[in-house]
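A.B. asks: Sequence:
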Amino acid sequence: MKLKNILAIIIAIILVFTIALLVASRPKLILFYSSSCQHCKNVEDFINANKVKDKIKFRELEVSQNQSNANLMVAKAKGCGLNTDQGLAVPFLFDGKNCLTGDVDIIQVFETKIK
Numbered sequence: 001m002k003l004k005n006i007l008a009i010i011i012a013i014i015l016v017f018t019i020a021l022l023v024a025s026r027p028k029l030i031l032f033y034s035s036s037c038q039h040c041k042n043v044e045d046f047i048n049a050n051k052v053k054d055k056i057k058f059r060e061l062e063v064s065q066n067q068s069n070a071n072l073m074v075a076k077a078k079g080c081g082l083n084t085d086q087g088l089a090v091p092f093l094f095d096g097k098n099c100l101t102g103d104v105d106i107i108q109v110f111e112t113k114i115k
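Mapping of the sequence shown onto my numbering: position 5 corresponds to residue 5, and the numbering continues sequentially without gaps.
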């Protein structure tokens with residue numbers, strides 16, 4: 001009985017550390033976009049032309065056709081103190097702390113990060 005409890009505790013500790021490692025290894029930079037957005041296309045063109053994906057890790061999440069991604073974007077925006085009552089614009093970049101919208105500002109962030 002005692003051995004089972006110890007084994008269960010060890011398994012739980014391993015599980016917690018594994019989850020923590022997976023969460024820590026996920027990119028904190030998230031680019032939210034819509035496939036029908038011209039400003040998002042401008043950002044995509046910059047990313048492709050400058051091979052940004054080869055230089056930094058970030059997630060890209062489409063929001064116009066994926067409600068879970070849209071909900072996550074709203075949550076990140078609220079965390080930044082943005083008013084979401086009137087909706088949000090894309091492209092939208094979350095860097096782990098700050099939120100940015102608009103292709104010009106987002107491209108500027110990527111330019112800084114790839115130098």
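Careful, some of the hints might be misleading.
[To be verified] Using 25 Å as the maximum straight-line C-alpha spacing, the simulated PhoX-like pairs for lysine-lysine come out as follows: (1) K97 / K57; (2) K97 / K115; (3) K28 / K115; (4) K57 / K78; (5) K115 / K57; (6) K115 / K55; (7) K55 / K97; (8) K115 / K41; (9) K41 / K51; (10) K28 / K53; (11) K113 / K55; (12) K97 / K113; (13) K115 / K53; (14) K28 / K113; (15) K28 / K55; (16) K115 / K51.
By construction, these hints were calculated from the structure, which means they are not laboratory data.
A.B. asks: Confirm or reject each hint.
C.D. replies: Checked hints:
1. K97 / K57: Holds: K97 and K57 sit about 16 Å apart, inside 25 Å.
2. K97 / K115: holds, 21 Å
3. K28 / K115: It holds: about 19 Å lies between the C-alpha atoms, which stays within 25 Å.
4. K57 / K78: holds, 23 Å
5. K115 / K57: This hinted pair holds, its Cα atoms lying about 14 Å apart.
6. K115 / K55: Measuring from Cα to Cα gives roughly 9 Å; hence the hint holds.
7. K55 / K97: holds, 21 Å
8. K115 / K41: It holds: about 22 Å lies between the C-alpha atoms, which stays within 25 Å.
9. K41 / K51: holds, 15 Å
10. K28 / K53: holds, 14 Å
11. K113 / K55: Measuring from Cα to Cα gives roughly 8 Å; hence the hint holds.
12. K97 / K113: Holds, at about 15 Å.
13. K115 / K53: holds, 13 Å
14. K28 / K113: holds, 13 Å
15. K28 / K55: Status holds; Cα separation ~15 Å.
16. K115 / K51: Distance of about 12 Å is within 25 Å: holds.
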